[in-house]
Every structure is written in structure tokens, then in C-alpha cells.
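Take the sequences, apply the hints, and build the full model.
What follows is each chain in one-letter form.
Protein chains: 2
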Amino acid sequence: MLISELRNVMKPVKAGLWLLLFLSLCCFALFAQTRKILVETDSDELVKDLQSASSQVRVVAVTKANAMAEIADADAFVGSITPAEVRAGKKLKWVQIMSAGAEGVLFKSGGNDLRDSQIVLTNNKIVQGIEIADHAFAMLLMLSRDLYTFYDNKQHELWQPPRPFPGIELNGRTALVIGVGGIGMQIATRAWAFGMNVVGVDPEDKPFSPFLKKVVKPDQLDEVLPEADVIFVSAPHTPKSNKMVGAREFELMKKDAYFIAVSRGGLYDMSGLVKALDSKRLAGAGVDVTDPEPLPKGHPLWKFPNVVITPHVAGRSDKDRARMVGTIKENIQRFVDGKPLVNVVDKQKGY
Amino acid sequence: MLISELRNVMKPVKAGLWLLLFLSLCCFALFAQTRKILVETDSDELVKDLQSASSQVRVVAVTKANAMAEIADADAFVGSITPAEVRAGKKLKWVQIMSAGAEGVLFKSGGNDLRDSQIVLTNNKIVQGIEIADHAFAMLLMLSRDLYTFYDNKQHELWQPPRPFPGIELNGRTALVIGVGGIGMQIATRAWAFGMNVVGVDPEDKPFSPFLKKVVKPDQLDEVLPEADVIFVSAPHTPKSNKMVGAREFELMKKDAYFIAVSRGGLYDMSGLVKALDSKRLAGAGVDVTDPEPLPKGHPLWKFPNVVITPHVAGRSDKDRARMVGTIKENIQRFVDGKPLVNVVDKQKGY
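So the protein sequences, as listed, match chains C and P.
Under the numbering used here, think of the first position of the first sequence as 1, with each following residue one higher.
Under the numbering used here, think of the first position of the second sequence as 352, with each following residue one higher.
Treat the hints with caution; some may be incorrect.
[Stated by the list, open to error] Straight-line Cα separation of at most 30 Å, DSS-like style, residue types lysine-lysine; simulated pairs:
| no. | chain 1 | residue 1 | chain 2 | residue 2 |
| --- | --- | --- | --- | --- |
| 1 | C | Lys275 | P | Lys670 |
| 2 | C | Lys255 | P | Lys670 |
| 3 | P | Lys626 | C | Lys319 |
| 4 | C | Lys319 | P | Lys605 |
| 5 | C | Lys347 | C | Lys240 |
| 6 | P | Lys564 | C | Lys213 |
| 7 | P | Lys654 | C | Lys303 |
| 8 | P | Lys670 | C | Lys319 |
| 9 | C | Lys214 | P | Lys654 |
| 10 | P | Lys670 | C | Lys254 |
| 11 | P | Lys631 | C | Lys319 |
| 12 | C | Lys319 | P | Lys565 |
| 13 | P | Lys670 | C | Lys213 |
[Said to hold, decoys possible] Derived, one-sided and incomplete: chain C residues facing chain P with beta-carbon distance under 8 Å:
| no. | residue |
| --- | --- |
| 14 | Ala88 |
| 15 | His135 |
| 16 | Met142 |
| 17 | Gly195 |
| 18 | Lys206 |
| 19 | Phe208 |
| 20 | Val216 |
| 21 | Asp318 |
Hints listed in this document are in silico derivations from the structure and should not be mistaken for laboratory results.
Backbone N, C-alpha and C fix where the C-beta goes; we use that ideal spot for every residue, glycine too.
Encoded structure:
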């Protein structure tokens, strides 16, 4: 009777223990699957949006001030991660940056921690090619059609055709597109439609395209530079592309060429550009990116009438946020499903 | 002997008479072939250039002051001919206008003399499509990329991203091209390359083109107008197209559409445009053509920041003169050779 009584007493205890074990396993499974993703943002809307990508992640908004306190057990980081954060993030498996350019976290961060780690880096490449190419042509056409003169005249309600009209047509001219990626291909397509001959410069082998007459490697830049009527800079900023359009390259440019920079200011030499404009060799320049940014007050570039300066907004539009958030959400889903991420950066190449 | 002496005397006389007859015939032939072409210009260079087209023409430069004195025996007239000049030019077989738009000599001249005559009218259609389409996009992109704000900031050396950035991307939006001719097709090609869906409006049956999603007749304008994000006006000015974009059409436009006019100011209603801008229905407008021209000081259109105004220069470029003179020279050669001229205007249609 003692044993049977004991059995009777133990039955509910055993059942309870099984239940406890089951619940513990459930909790563990849930805990194991719930990834902690830090997002560097002050936008509640963005956090909510990213959280909606998966119930298996916990999205935690951080700032530079509290990121270190949250990073030890984080599985992923969305934003401009620092080397110190990489070192403190022992569990980090994935870093997603908001921009296309990865030089900030790879080459200009002051450390190679991310570059030499096993952490997968993804970016927002291609996402912004459309509006950046629109912007590149906006700057070029403002110059080639002399719109700044008419804008000045408008302030005085002056309807006055300049004689001779200094504007040129793009048809039949040559466009050099340095960097034939997400931005460069969009520029090439537009340039083609304006009747331009498009020459690309890119380290990668590019497939044939009706919009590109030819693509040469960066070591052939010297050969194609003197042919170009418009030089577009749309390459990523890497140790190899740093200042690739230097003082010498500006001197190689054709007289009356236009220079348009829309990817990163680090790709060209600011003094070389100023010198080329000063000596009236260039017909004009449009720069959305400079080095440094902001372009300081008093910089000589401000003073040229034939220079369009915009404050790194080429990638802004009414639709870019949706595409950017879409890419990050896609990657969050892929991250929890253990699938390969999209827009993976080659951390050694830097793009 | 008398007869034979007479024969001897007559021989040289007869030979002389034959020579005289021959020379007279030569002179007559030469005179008959040399056509007198009046050219309304003050440019010696243009006269020299056109004269070089054929030795069988005599190019005579005239102004409005002395054209009547020269026109009675003129075979052709290059310039903006008046009804009085048409009536005085009894021998006129051909009139070539410098512009593409023929409304000045056909509908706005105050007389139907040229329209109802047997005189062949040729124009410079197609010649200026390239640079006008460049200009149309220059105006549109200056607005869609908010370049006027940055131009203002530049005067203060202010590198300041506007938040939120008001610029939009053209990709995926709808362009309505009113008039799918020499200008309109160039606009359509560019719009396509920017990722736009292009809808044309034209009275003619147009061949299929990869750049045009569809082309509708002018009586279907009401149906397609509310779909358009950008409305380009690139049609010729005729009695049928006069004010075809009227107050009602501006009201049919989508909120935040852009209106771009590059052919003739007579095609749209200025007060309708001002009203649409005043009520903030349009996102902006770019007008190279107005009615009247010049746009008078004090006109309300001057005051909108989101309006680009250029003084009828869309057709100007570094290459348009060569194409225009080329077309006229081609026609001079064809005129003396009795071949059909190029760019013949349907004088009843007006284009």
C-alpha cells in the first residue's frame, strides 16, 4: 500500500514535472529562435516596421550612447557599427548598413574588426540607383542648358535670351561612367537615351548592354578620360578607388567637359577640381558628394557659377525609404530562416 | 562671180550670227536657271553659306524694310513671310521658314494668302527635337530634384539637406506627351529611360515604339490627363491645338503633377496654369514658351518658386544652326534640281 500510495502521490508530481520540462523546452526553443537585432535609429516607426518582418526577432532601437550596453547578446546590428561595437558584440552574425557605401564601417572606421570577422555585412546597394541617376542628370542638364542664368534672371522677372546661347546638346557626346553598378547602369541608360556614347569604367567584367558602348578596367582610365564630354563618378569608395580622379586625371580631361560626382567625395581630388574650374578647362561640375562633408563655408568650390552643389541628397526621394526598409525586412526574414542574405558586401573589396 | 563674192563676204557674217545666237541661248539658259532666293537675315555668313549650296541660285539678303522691293522677281523666300509679301511675290514657288512652328506665316499672319496659294511651304521640323527634349528634362529635373532650393542655399554657402527631401523619382510615373513629333519622340525616349510609362497624344496614327506605351487622339485627352504625373506640351500651334490645355484641362490634372511646355505658348491657357499653381494642385511647371512672349514683367507666373521660366531657348544649342542651315541648303539644291523638297508643311493642318 505504501508503494501504491506513493505512486498515487507521485502521479500529479510526475505530470507536473513533465509539464515543467515541456514548458522549459518550449521557452528554450522560443528563446533560441528569438534573435535580438539592434537598430540604430530614433524612429519608432522604423522599429515597428522592422519588427513586423518576423515574430522570431526582437528589434531593439539603440543610439550611439546605449548601443554598447545592448550589444553583448545581440545577434545582428542595423546601422553604422563601430570597431568597438564589433568587438563587444560577441554573438554578432550579421551587420546591415543603411547606405550603399560601406567604406564607413570597413575602411574609415579606424579598425579592421568587421572586415576581418566572420560577420556577414549587407548594404543597400542598387536600392538607390534610380534617384541618384535622376539627380546626376538634373545637375548635368542644369549646367548644359544654362538654367542657373535663367534662374537668376527670374528673380528680376527678366525674360532675356542670352546671345549666343551657351547651352549644348548631349546627343553625340561621350559619357564616361566611373563605376557601372546600381547607380552607373541607371546613368548609362539615361545617357544612351540622350543620344550619348557611353563608356564604362569598372574593375568587374560587365555583361554586354545596349546602353554601354564599352567598359574598360580602371587601369585604362587614362586612355578614355580625354574622350569624355561628361565624367560621372558613381563608384563605391574603397582603398583602390580613393582619389582615383586626382589632379592628374583632371588635367587629362577634355576642355569643356562636365564633371558630375554622385557616389562618394573620396573618389576625387577637390583641389584638382577647383584648379580645373579655375583654369576654365571644365565647362562645369555638379557635386552631390564632397570630401569633407558638409562642404565648409569659404571653400573655393562655392564661388563658381558653373558648379551645382547639393548636400548629399542624390539618394533621397519619395520612394527610397520603402526600398531600403524592404531590403532590410527581406534580410531579417532570411536571417531567421537561415537563408542567404541579399546585398552581401565583399568586405575585402568593399562593395 | 557676184554671187560667189557675196557668199565669201557672208561667210564670216553668218558665222558671227551663229555665234551670237549660240551665246544668247547660253545667256538665256543661264538666266533661266539662276533662281533668285530672298533670305530674311542680317548675317553675311548665312548668305554665304546658303549661296554655297548651288551656283544656280542668287541668294539676296533682305530685311522687312526692303523685302517688298526685291520680291517681285524672287523664286523663293527664306524667312517669316507676310501676306503682303506673298501677294507681291508673283513668281514665288517656295517659302522656307527657319522655325519648326509654321503658325506665324499660316494662322497668325492676318491673311490666308500663303495657305491658299500653290507655294510650297517647308519648315525646320525635327531639326530641333534633340535640344528641346534635353531642355524639357532639364526643367523637369530641376523641379523634381529640388535644385532651385540648393541653388538658393549655394548663394549663402549653405550645405543643408532639407528634411524631408521634397524630391521625387521619375521611375514608375506616367508621362503624357502632347504632340509625338520631332520633339515629342525625343521626349518619349528620354522619359522611357527614366523608367516612365509614356502616353502620347497625337492626331496622326503613330507606329509602335518601345518608348510609347500608347498613343491616343486629342479627343481622348480628358481620359489620359488625370493619369499623368508629368504633362509635356510639344505639339505644333494650329487652330485645332490652340489652347488645347485650357482651364478645364488644368483642373483635370492629377494633384502634384508637373507641367512642362516647350513648343508654343499658344497651346495652353496661362491663367489656367496660374490658377493650378495658386491652388497648389501642381507640383511645379517649366515653361520655355508663353503667350505672350516675352512674358511681361509683373505676370503672376514669375512669382512661383516652383516654376522654371526660360525665354524660348529650348531650341537653341551648339549644333542647331548647322542642322537648320543644312536643311535649307538641302532644299535649295532640291529646288534647283526640281526634286521634291524636304520638311514640306501641310498648309491646311499647319505642320
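Consistency of the hints with the structure:
no.	hint	in the structure
1	Lys275(C) <-> Lys670(P)	29 Å, holds
2	Lys255(C) <-> Lys670(P)	17 Å, holds
3	Lys626(P) <-> Lys319(C)	29 Å, holds
4	Lys319(C) <-> Lys605(P)	19 Å, holds
5	Lys347(C) <-> Lys240(C)	13 Å, holds
6	Lys564(P) <-> Lys213(C)	27 Å, holds
7	Lys654(P) <-> Lys303(C)	26 Å, holds
8	Lys670(P) <-> Lys319(C)	37 Å, violated
9	Lys214(C) <-> Lys654(P)	46 Å, violated
10	Lys670(P) <-> Lys254(C)	19 Å, holds
11	Lys631(P) <-> Lys319(C)	22 Å, holds
12	Lys319(C) <-> Lys565(P)	26 Å, holds
13	Lys670(P) <-> Lys213(C)	23 Å, holds
14	Ala88	31 Å, violated
15	His135	5 Å, holds
16	Met142	6 Å, holds
17	Gly195	7 Å, holds
18	Lys206	18 Å, violated
19	Phe208	18 Å, violated
20	Val216	23 Å, violated
21	Asp318	5 Å, holds
Hint check: violations occur at hints 8, 9, 14, 18, 19, 20; the rest are consistent with the structure.
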